[in-house]
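Enquirer: With the hints as your guide, set chain H onto chain X.
For the record, the sequence lines run as chains X and H.
Position 43 (the first sequence) corresponds to 43 in my numbering; numbering is contiguous.
Position 32 (the second sequence) corresponds to 32 in my numbering; numbering is contiguous.
Think of the hints as simulated: they come from the structure by calculation, not from any bench.
As the structure is a prediction and not an experimental result, all values here were calculated from the model.
Don't be surprised by glycine CBs; every beta carbon is placed ideally from N, CA and C.
Any given hint could turn out to be false.
Chain H is faced by these chain X residues, among others (derived, beta-carbon under 7 Å) [said to hold, decoys possible]:
1. 44
2. 60
3. 62
4. 64
5. 65
Simulated restraints on C-beta separations [stated by the list, open to error]:
6. 1(H) x 88(X): 42 to 48 Å
7. 91(X) x 19(H): 30 to 36 Å
8. 88(X) x 39(H): 32 to 38 Å
9. 23(H) x 19(X): 40 to 46 Å
Computed cross-link-like contacts, DSS-like style, restricted to lysine-lysine with a CA-CA straight-line distance of at most 25 Å [claimed, not checked]:
10. 98(H) x 68(H)
11. 88(H) x 68(X)
12. 68(H) x 56(X)
13. 88(X) x 56(X)
14. 98(H) x 92(X)
15. 92(H) x 88(X)
Protein chains: 2
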Amino acid sequence: MTDALTTAERDTLIAPLLANGWTMVNGRDAIQKTYVFGNFVAAFGFMTQAAIWAEKLNHHPEWSNVYKTVDVTLITHDCDGLSVLDAKLGAKMDALAKG
Amino acid sequence: MTDALTTAERDTLIAPLLANGWTMVNGRDAIQKTYVFGNFVAAFGFMTQAAIWAEKLNHHPEWSNVYKTVDVTLITHDCDGLSVLDAKLGAKMDALAKG
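So that you can see chain X by itself, here it is in the shape it has in the complex (with noise of 0.2 Å):
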């Protein structure tokens, strides 16, 4: 069981998040961020990076591509909201998409 964060840590882990570009999802305890890459094979191989560090933390995104874009959703359905393993894979993955 992973525990949800508490407000202090929110302030801690999620809000660097918040402020590159990932946004809270409508309705949902969740984050969201689109990135776009310059085609298709710049988006996979972020995808399939990030996949394996994925995992590795044994916590595995929501979702989607279409060609250069790739829209991911972190959230932790073991406690239906934020846990640290979201502010871990989102920080990976932006520092994958830096490359």
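Expert: Positioned in the frame of chain X, the structure of chain H alone reads:
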């Protein structure tokens, strides 16, 4: 420019997909299928193989993934409808999903 399929071509190329789990999308001349695998690694492994084929065909899916489930929509944006490329990629995805 890729031409939309004729009615006769649909009977030959799209009908077999519709008989194999693909369905027409409401309000779009597009086909959709949901694949369910054993786990995330299997689901993303399928996506990785399909991504390489998509790039080879220069024809890319609209798709999403949540853990072991992959939702695929195929349409040819050039003709805003189904073309031979959708038939090819759909059949290839079915073959890849079988392993």
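Enquirer: Take the hints in turn and mark each one as holding or not.
Expert: Right, here's what the structure says about each hint:
Nearest Cβ of chain H to the Cβ of residue 44(X): about 5 Å, under the 7 Å cut. The hint holds. Here the hint on residue 60(X) is kept, as its CB sits about 5 Å from the closest CB of chain H, short of 7 Å. A cut of 7 Å between beta carbons decides the hint on residue 62(X): the least distance to chain H is about 5 Å, and the hint holds. Of the supplied interface hints, the one on residue 64(X) holds, with its beta-carbon coming within about 4 Å of a beta-carbon of chain H, less than 7 Å.
Annotation: residue 65(X) was flagged as interfacial toward chain H, and the flag holds, the nearest CB pair being 6 Å apart, inside 7 Å. A hinted range of 42 to 48 Å for the beta carbons of residue 1(H) and residue 88(X) is consistent with their spacing of about 45 Å. Between residue 91(X) and residue 19(H) the Cβ separation comes to about 45 Å, which falls outside the hinted range of 30 to 36 Å. Our hint of 32 to 38 Å for residue 88(X) and residue 39(H) is violated, since their Cβ atoms are close to 20 Å apart.
The hint said 40 to 46 Å for the Cβ distance between residue 23(H) and residue 19(X), and at roughly 42 Å that hint holds. In summary, the hint linking residue 98(H) to residue 68(H) is supported, as the alpha carbons are separated by about 15 Å, within the 25 Å threshold. Note on residue 88(H) and residue 68(X): the hinted pairing holds, with a Cα-Cα distance of about 21 Å set against a maximum of 25 Å. A distance of roughly 15 Å separates the Cα atoms of residue 68(H) and residue 56(X); the hinted pair therefore holds under the 25 Å criterion.
At most 25 Å may separate the alpha-carbon atoms for a hinted pair to count; residue 88(X) and residue 56(X) meet this at roughly 11 Å. For the hint linking residue 98(H) to residue 92(X), the alpha-carbon distance of about 32 Å lies beyond 25 Å, and the restraint is violated. Our distance criterion of 25 Å between C-alpha atoms is broken by residue 92(H) and residue 88(X), whose separation comes to about 35 Å.
In the structure shown, a violation is registered for the earlier hints numbered 7, 8, 14 and 15, in ascending order.
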